[in-house]
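Engineer: Each chain, written out:
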Amino acid sequence: MTTVPRSTTLQRDLDVGELRDLVARIAADPGQWRPLVRSDTSERHFEQLWRDDHVDIWVITWASGNDTGFHDHDVSSGAVAVVEGEIIEERLVVGGLPRQLRHRVGETFDFDASHVHRMRHDAAAMAVSIHAYSPPLWRMGAYEVEADGTLRRRSISSAEELRPVESAA
Amino acid sequence: MNRFSEPVQTCVSPEIDIHQHLWPEPLLRALSLRREPPMLVRRGAGWTLALRGEPEAPVDLADHDPAARAALVRADGLDRALVVPSSPLGIEALAADEGVRALPDEFGAWAAVGLVEPDPAALARLLDAGFVGACIAAGALDGPDGLERLGPVLETLERHGAPLLVHPGPAPPTTVALPGWWAALNGYVATMQTAWHAFAVWGRPAHPALRVCFAMLAGLAPLQRERLVARGGPAISDPDVFLDVSSYGGRTVDAVLREVGVDRLVYGSDRPVVAAADLPLGEAVRTALRQRNPARLLFTVTTEVPA
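Note that the protein sequences, when read in sequence, are chains A and B. Take 1 as the starting number for the first sequence in this note's numbering and just add one per residue. Take 1001 as the starting number for the second sequence in this note's numbering and just add one per residue.
Just so you know, these hints were derived from the structure itself, not from any lab. Glycine residues also receive a C-beta, built at the ideal position from the N, C-alpha and C atoms.
Cβ-to-Cβ under 8 Å is the rule here; a few derived chain A residues that face chain B: (1) D56; (2) A159; (3) P164.
So that you can see chain A by itself, here it is in the shape it has in the complex (with noise of 0.2 Å):
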């Protein structure tokens, strides 16, 4: 049975703590998340597992290459867990080459809305996260570092993460 957050009964935002146990407890249950697995897409893939008013929850395939760019998530904090493989996470640096962190299979990391990071993946083996995000996602900043070093921010809709053109289909 699908884990049930707080946010639905406490009816408010959860904080990244709170978010951090959502997402590591879904983790522990691969009943919950295995079947919303897409084995056979070059694309990362996303799939609902929850929506509220307050938190939205997905389980995200990853194939070898996959890379989000830089982005933020406007006004939503969120947490991830790594259930299957490697995601490699870039927080931005001024001045530097981004700081650069590895998060494993069992391990867990969240961020606040003032997060601005780019997670891509570059293993073989395929990949798979649990995300949690309160509020749920809606707008986004994806950042750009053009070649004299200045960074552009364009508002995207969240759609534009969550539900890419190429998997229209």
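Guided by the hints, dock chain B onto chain A, whose structure is given.
Structural biologist: Chain B in isolation, oriented as in the chain A frame:
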């Protein structure tokens, strides 16, 4: 008319506008022969539509020329447009189904349901003939009595795996001179919100498998969620309830998207009542609203519902 009875097998879903109005020639003729509203009245060189609850409005018959409208479907970048019976006319009794069937392949259609004597068998025949689902006026689904009265019709839709479209119905008669937009901003909004909440309370428990689409973002009912919860209402997200975006633009659609997520919005233009316009929300939203979500609304596999 294009038969929509077969699920889409191709790898790319067609681009669909689920909400256009097109009065076929037999309906135009019937309206022009009537001597009381709803009726078409000649005014000088043109025609106007007379309704009880709304001011007389000019009608350009060219807007209802099937070949020209089919060309517009293509010009809009669409594969199909679904014709909605004009419920605000209150003319379900003048069922224009025969005329709709003769429309070019660019069009599919929602079946009208007679509200005086709802006829599930007649609806079943129309669904078998390729109509995508049924359209019912919001006022007929505004509470437990209406939902019970139309229960057999909704069960027929469920059995066929066909969706319901809820569309504003006729505005109440008035003797006051009102602006042309009055009904669209007041009566329509109120009845769509009422039908939305009535379906959540009485409709869904009785029809667990029914897929429903509310026109005009259900009068923005999803934006009442915080108020609903504050007053003790059910904070339930229903993945089989969709909303079309007719007459709304980027700001409002994005606000509703924030409430319900992108998966539950579908593109409906309301052409020719309003001009079709692109939403400035990016390619992913456009694809979700015109391809991915209409496919989920229209083409889910038939499910058997126990009697």
